[in-house]
Each structure stands twice: as structure tokens, then as C-alpha cells.
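Once you have looked at the hints, place chain S on chain C.
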Amino acid sequence: MNGDSVKQASDNPVFDERTGGVVERLLFNHRAIVVLACLLISIFLGYQAGDLRLNAAFEKMIPVSHPYIQNYFKYRNQLGEGGNTLRVAVHTTEGTIYNPEYLETVKNISDELFLVPGIDRPYMKSLWTPATRWIGVTEEGFDGGPVIPDDYDGSSESIDQVRQNVARSGEVGHLVASNMRSSVILLPLQDASNKGAAPIDYHALSSQLEDLRQRYETDTIKIHITGFAKVVGDLIDGLKLMQVFFAFTFVICALVIFWYTRCLRSTALVLLCSSIAVAWLLGLLPLLGLELDPYSILVPFLIFAIGLSHGAQKMNGIMQDIGRGADKVIAARLTFRRLFLTGLMALLADAVGFGVLMIIDIPVIQELAIAATIGVMVLIFTNLILLPILLSYTGVSATASRREAERETRALENIEHNRQPLWSFLDHFTQRKWARIAVMVGLALGVFGFVTSFQLQIGDLDPGAPELRPDSRYNQDNAFMVSNYAASSDKYVVMVKAPQYYCANYETLVKVDALESQLQMLPGVVSSSSLAALSKTAAAGMNEGNLAWYGIPSNQGLLNAIITRAPRELFNQNCDLMTINVFLSDHKAETLSRVVAAVEAFAAEHNTDTLQFMSGAGNAGIEAATNIVVKRANVQMLFMVYAAVIALCFITFRSWRAVLCTVLPLMLTSILCEALMVFLGIGLKVATLPVIALGVGIGVDYALYVLSITLVHLRQGATLSNAYYTALLSTGKVVVLTGVTLGIAVATWAFSPIKFQADMGILLAFMFIWNMLGALVLIPALANLLGLANSLSPQRVSDEQGVSRFAQLV
Amino acid sequence: MISPLAQHSLMLDITRAGSRLVAVGERGFVLVSDDESQTWRQILTPVSVTLTRVVFANEHKGWAVGHAGVILHTEDGGLTWQKQLDGEQAAKIEFEAAQQAHQANPDEDTEQRVIDAEYLVADGPDKPFLALHFFDEHEGLAVGAYGLAFATSDGGASWRPIRHRIDNPMGLHLYDIEELNGAVFIAGEQGILLRSDRGGHFTALESPASGSLFGVLAGSGNLVAYGLRGKAYLSEDKGQHWRPVTNNRSANLTSGIRLNDGTLLLVDESGGILSSQDGGQTFKVTTLEQPIYLSGISTLANDQIVLSSTRGLVRPSSANNTMEPNHER
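Chains as they are written, first to last, in the numbering used here: chain C, 21 to 830; chain S, 2 to 330.
Next up, chain C with everything else stripped away, as it sits in the complex:
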């Protein structure tokens, strides 16, 4: 801020267009061209935005280069049923499944599902598929057949036959619920990585399933659907609701800004420019081949909100300059000159904060990072350049700017700083006594938060699909599956690699069995399946179903006979890869890390050149790898985001004291955010990992705006109290405005049907508002205690105009 130049400007009716930096002259002397260019870009990108797709691919949500995932990718084509399987349970509320109408319904649904695109048909399984067989022994030898006999005709004899076949099929608890009131249709989905397979349109798939549910559900038939694809489908449905949130955010922000400015024109312009930024962003994404997924859908919100914050700063500056009597063009140029660099630095800090997320090896987070980085870059054009230029055409309403100017004059004349209660309260923190109290309280909170943050859980804490709310349709369906079927929805797959044709080797199977029995003993392990377990059952089966024979047969001939009948999901074509499927009661980090540790320990002891035990496929195996990556990334990410922020602050301020004043409040907020997650039962996961980086990125804006003005005045020799008070009156009050607006805007996400968006909303709202408080309370307090005012020698002020030497370069 510089009162001098404003006075000069208002004293001289002729403004020298040659003043100002190169960029300023370039832009403001060709205002029409800039506006026209922006208009053309907006039309082009707005058109492009029509191509934007909503989707969420399974492969994008997992840490693709973690060894477990690499193992999974390497072998997934051989695993038969992969992690991506839909389960459709047809449930009768009256009687049992042994009823002709029920079986007919299952047949019809099964037939319809068979035709749904994306289903891996050879592996599809239901009561009616030929792969669902029973094996029995008669006096003549082996007997077997499809569970629903070929001559099934719906008569009570046929039904009795089905009842018997089900009992000896071994499918009770898997394909048929143990209470005989429901049966499942298993739908493995094609893998997008397979050659020739089109990527699955999850939304279309989910709609087809919903349509099916609509048509087949009656008073007595209920349909429950679970599986990743359904989660994604429901998520995409939830995303459609995001438009409502966006509208809501828009209205709230408009009202808050209008309430603050009382100027319709500038409020509309700020909203317009922020919306243009969002439109550009949405247009750029499809150009770059990106889609919006449930994570990156939040980016337009953030960009809009950040745009508002910077727009409000520009508008406030122009309004104050016009209020002081400057012409609208001159006001716009002066404001641009004064705040462009700060705004640029702040947006760069945001971009760095978001960009740091790129190091996290999970594609959805990387795409979120790309989208957010593009978004803040776009804001540089729309809100730092286009907005002041547009305001230079329109100006602001005369009454609003006069009111603003009067308010400012009154405040500045008020030497005791006691006229406005909020500002004078904050001004207290420039005094030693108050500063000490504030820092002590901050320190206490920091210690408390730090201790609490050790309890932060990694991973998802809620059962079922944690992306959705516990009472959502999906999670109710999931609860139904878990309570009625032996296999839970959380499956951890251990892959066992042996030499070719050795999958049925006795020694191999004994080792597989040893690992399986260790895993079965772990708390949280519900059941498991493997070729070893199967060979035990089959040994009994080959001895007339007598379970006294239950054990791995040491006879190789018998083992070979067994694997010819074994289901393909337990071993591959070459007979050199087996899987141990471990079904878990939940996917809490504790449960997963126990399994991971058990497998790792076993592998360390038993892996040889020829036999290797590897984690991990299945949704739980992938989640375990994700947890490991997320935990490590959290530390890395915090380290890098703070390193970047510290570097940027140092470039801007050239004072390590100022850097400390900026960074310490941000760190306090980060620590308290983790503590808040502990209290709210929110785990550190893919969805919440970016929150702290986003929060730090935006929090640093506040500090930059407040501290840069304070420093200018300190360097001009003002006392800390005066410098800070002046900063409060110019940028500080906009920080309050922004903090509140952003906070409210993201807090609306708390109503999202998507649980992690709600979690992110709550955490981001906390971070935005707490960062604002930190900036306004702790910055003056730390400045006092660190002796910021005395550390700045007046000689270092090289020019009275700029925020720093960099200003002239810009």
C-alpha cells in the first residue's frame, strides 16, 4: 500500500501511462485486446467443456507403482476373478429360494445381466450358470451336474432336486445365503487393460442395474447390489448433485460480497471472472485428456472460491482508490500495481501447494493436483488481469466507493485504533503481553494437537463403502451381503508363484496351507480359500464325501485329479500361480496391516527362488497398499509443501522472521487438522490426504496479503502496531471476508451424499477459517516476539512503490 502514489494520482489529473511495470503497461495500454482475447478463449474453452466426462476408474484410485500393485498388475489377467466384481443378491422376504417363482426371477435377472456390456461373461456365476455345479458320489462313482438340473421344470420334484444340489454344491454361504432366503449373481467385470476391451462406463452400468432393480423388485423380492462398480456409479450420481452445491456456493458468495461492497456492478464482475476461471478450467481438462472424477470435481469449487478471494482483494483496492478520487482506469492500474505481485505470489503458493500432491503415487490425486494447478494458473489471467481491466471499464458504484473511502479515512485518523472493535482487538496482538498469551495458547494447542495426531488412523474406518454414507442404499446392501454370506466384501488376495505345473505340488500346498492357517488366526480374518483348502475338501469329495478324509492328500495323482476340477480363480492356466483369498471383517488399517505383516513375515521365511508368496490383490490387498502409500505420502507431502511455502515466502519477504510469522500459524493449523480428524473419526486416506496441502496452499494467501502490506509499512519506519493496523484496513479485512466466504462455501459440502466430500468439506472449512484466525492473531504476535520491526533496516527499502524489488521486474 502506498498512500503517496494515491495522493499523487488524485492530485494529478493527467496520469502518465508510461508508469508502472512492463506487464502493467502491456496490459492496460491494450485493454480492448485483452478483453477480446479473453472473450474468444472463453467461447473456445466453454465449447470444449461440453466434452468433459464424469467417471472414476478403478485403476486411478490405487497407488500404481507400489510393489503390491505391481504384483497385482503383473498377474491380474491370470487371477480369474479380480478385484472388480459386482454381486447382485436376489432376496425373497417370504419363504426360501426353493420356489419356482423365485428361481424364475433369478433366471430372468441372470439372463439380462449376461447381456450387460462390460461383464466378463465366462466368469459370471449364478444358480443358473453351468459353472455352478455339485459333485457327489454314488455307488457307481462320481456324479455331478449343474445345480439347477437340465430337466428342471419348476415342479416340486425339481425344486427338491435343486435343494439337494445346493446342499452338496458347497455354495452355501457363497452363492446361496446360509438362511436360504437369497442367492447371489456374481458379475466379474472386464478389465479395461485387456486388449480390445472398452473402458467401462460405470455410470451407464450403474443405471442399468438400477433399472433392473426397479423392474424386478416387488413386495417379496428385494435386490441388493454391491461391488466397486456400483460404488462408482452411485458416486457419479452423487456428483450430479454437486451442481446444486455449486449453485448454493455461488449464491452464498454473491450475498457475502454484495453485503460487503454494496456494489452490484463489482460483485457481478467478481463472480463473473471467477466463473470464467471455472469455465476455462472445465474446458482445459478435456483438452488435456482429463476427466472429472469424484475427487477432482471439488476443484472447480476451490478455484471459484479462491478466485473470489483474489477478486475481492482487487475490487476492494480499486474501490478504495476510486473513493480517494482516482479515475476508474487509474484506480485499476494502481491496484494492479500494488497487489498483482502479492496475488501472483499467493496463487503461485497455491499452485505449489497443489502441485506437491503430484508426488503422491495415486492417479486420482495426481489428476486433482493437475486440475487444481491449472485452475490457479487460470485465475492469474481471469482474476488478477481480466478483473482489474473489466473494473477499469465499469468502475464501481459511487456511493459504495465513497462509503469505503470515508470508512478508511476515519479509521486511519483514529490513532488509538479503538474505533472499530474487531480491528482494535486484533491490534492488541502487536503488544508484548497479548502476543505472549496468543503464542502460549498457540503452543499449547500445538502440543495438544501433536499428541492427539498420533492416534490418527490410516485408511477407511467405516464398514462397507466409506465413500458413501453409512445409511446409503449401497451400504445397506453391503451390510446385507456381509451378514448373509460367508465371504465378506473385503477380500485380500495373496499370490503364490511356483514353477510351472507345481501349483498342485504337495510341498507347495502344505506351505500354502501353513500361511492360510496363520492368516485364519488373525483377528479380523473371517474366512479364506485356496487350492490347499480346496484340495482338502476335494479329498473328502473323492472319498465319497466323507469328511474324515479332510486333509491335503499327499498322493500326487489324487492332487492332479483334484485341480482338474478346481475353480479357476484359485490358480492359473499354467499351474504356476495360486491365490489365497482372505476374507476380512473390515478394511480398517489395523486389520489390513496385520494381514500384510503376517504375509510379509511368512514370505521372508519361506520364499525361495522357486516359490514366492506375494501381496496383494483383491480390494483389501489394494487398500493395504494404498494405506502404506498414503501414510508415507503424508509425511513427504507435508515436508514438501512446507519447503515450497518457506521458499516462496522467503523470496517474497526476504526475512526469515517474516517466514516464521507465516509458516508457524500454518503448521499449527495442519497439526490441529489432524487432531480434528481423530475427533471426527476420519481416517487419513486418498480423499483426506490432499486436504492439508490444499489448506496450507490457501492459508498462505492470507499470510501473504496481510504480511506483505505490514512489511511495506515497517520498512517505511512505521511501528508494528501502525503497520499492522494499516494492513488490516486494506487487505486484512478482505482476508476476513475471504476466510468466511471460503469457509462457508466448502462447509456446504458437508451435505454431500458422498461421505469423503463431506469429510473434505468439514476439514477444509476448518483449515480456511483457522488459517484466517492464525494469520490475523498469530502473525502480529509472532512479529512482536520475533522482533520483526527492528530486524528490518530502512536501507533495505529500495523503493517506495513496490512490495519488493521483484515488483519492478513484473
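Hints are computed from structural coordinates only; laboratory data are not their basis. All values derive from a computational prediction rather than experimental measurement. A hint or two may mislead.
[Said to hold, decoys possible] In silico DSS-like pairs for lysine-lysine, Cα to Cα no more than 30 Å straight-line:
id : chain 1 : residue 1 : chain 2 : residue 2
1  : C       : Lys531    : S       : Lys84
2  : C       : Lys531    : C       : Lys517
3  : C       : Lys94     : C       : Lys531
4  : C       : Lys517    : C       : Lys80
5  : C       : Lys531    : S       : Lys93
6  : C       : Lys80     : C       : Lys260
Okay, now just chain S, sitting in the frame of chain C:
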């Protein structure tokens, strides 16, 4: 191996040792209950192979047999177990006995016995014991797969092969041993039925069954043999003549018991419980709500029963039972 899952694992047999219940099953699991099956606890054993049967001669002394030719023994009612025999030792004993027999009496039979014993040694311990019977705390028999058969007269301190005393030239699996008024019966694969007076040669009876028999149950003077596909046969003359017993279920019958009041109970592989009040002439069927594989039966103090099954131990409460025929709609 102590496992929290033992109580829900496959249990293959259950019996009483005085006031205690003892059950055996997969992975060498032994479970005991001192409160009439209200609670069970796992007992550590020296083996991890499937245990198939358990018997007690009195409340302290008991034996359990299982896969890999294992025989375990307890002296304290099932709280601690020691291994008495395994498949390798058994093969060695068989081989030595065959050689001695051949030296004492070098004829074609003893030569064949030596050859068979050589195969037994070469096969390794791959044969399970499937049945066990003790007459008192000293005298007992254990039989199993491929005609495996051993006897003891010293409570299992030493076991001797008795395969050559059994008419089982095909080496069929032997599934059950039962005693009736001093006669001993063995039932097995392909319906083989054998009888011996105590300690004597086992001679084949004319069997009514073409499919395997998994058990023989002695009533008061009667015998019921049962097995594959729900087939059951009654003999009222110590196994000389048999006639089929009506059972409309086709599930394998797996185990049987005679209750104190003379009732005969049989269980099958899909939750069926057959009971006869008339010494095996006719059976009445009840089924558990869940069609689980039942493998053994024991009585409780309150005249109820407890069953071993694929999911541990289950007590059929009368509320859960539904009478056949049950065509639910």
C-alpha cells in the same frame, strides 16, 4: 497350534470323558468343555493333521486317531496329549512284523505281506486312521484307509499290525468299529462288513450294501449299518442277515449313537438327524435349519445331544428343528 478359529472349524468326532466333553477335528484341534457344551476351550496337541476319531476307555484314559497314521493318547481326560504312533512308525512296525512272520513261516502269504509292507514304507505316512475302539483301558483297535489296522493290549504303549487277521484282500478303507455282546464288527468301503469274536480273525460277512458303509451301530441285540446316500440296513442276528431300513433322504449317513433310553440316533451330511425308538426298525427324521455336515454325536447331562460338524459344535435346539417332510414355500 492354538487358533481362535478352532471352535468354528471342522470337528469330526465328539465323545464324553466322565463329566467332560472332548471333540477332535482338522489341524489337530482338540476342544474340551466342562460345562455341558456351554463353552469350549482348545487344547494343544503335538500334531497339526486332521484328527478323525476320539474314544475314552474311562474318564481319564482316551485315544484320538487321525491323518498320517497318528494315534494320540491322554491320561488326564483330554487335557494333555502324547503321540503314541505315526504313519512312519506304523509302516516300520508293519514291515518288521511281516519280516518276522516270513522268517518264522516263509510261505507265499507271508512273502506277500512283506511286499505289501515294503509298499507301505515307500508310500510314506499318507494313510489316515478312520476308526478306533477300546474294550477297556488296555485292549484296543485302530483301523483306517487301505485296510490299515493296528491293535494294542497295553493301552497303546505298543501297537501291533493286525491287517493279516482281517479278510480285506482289496485293502478297502475301514470306517467304523462296533462291539455287540462280545462280537466286534467293522464296516467300510464298498459295503464291506467284517465280524470277529474278541481278538480273533475278522471274517467278511455277506453285505447288503453296494456303496460304502460309514458306520455300524449296536442297539439292544440289533445292528444298524449305514453309509453312502443315506442307505441303512438292519440285522437282528449279529450280522448274518440284513434288510434295508427306509430313509427318504439321500444324504450320506456319517455317525450314530445309542442313547441311554435305547433310542438310536443317526446323523447325515446335510443336517439330518434320524431317530429310532424301535431298535432300528423305523426312523423318524428331523433336520437342522442349516443343512450342515454332521460328523459325530454325544449326549449331554440333560438328555439332549451335542453334534460335531463342519462349523464346530452345535446343539440342536428343538425350536430350530423342523419335521420332515418340509416343503417350505
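Taking the hints in turn, this is what the structure says about them:
1. Lys531/C x Lys84/S: Holds: lysine 531/C and lysine 84/S sit about 23 Å apart, inside 30 Å.
2. Lys531/C x Lys517/C: holds, 12 Å
3. Lys94/C x Lys531/C: holds, 23 Å
4. Lys517/C x Lys80/C: With a Cα-Cα distance of about 26 Å, the restraint between lysine 517/C and lysine 80/C holds, given a limit of 30 Å.
5. Lys531/C x Lys93/S: Between lysine 531/C and lysine 93/S the Cα gap is close to 27 Å, so the pair holds against 30 Å.
6. Lys80/C x Lys260/C: holds, 20 Å
In summary, the structure agrees with every hint in the numbered list given earlier.
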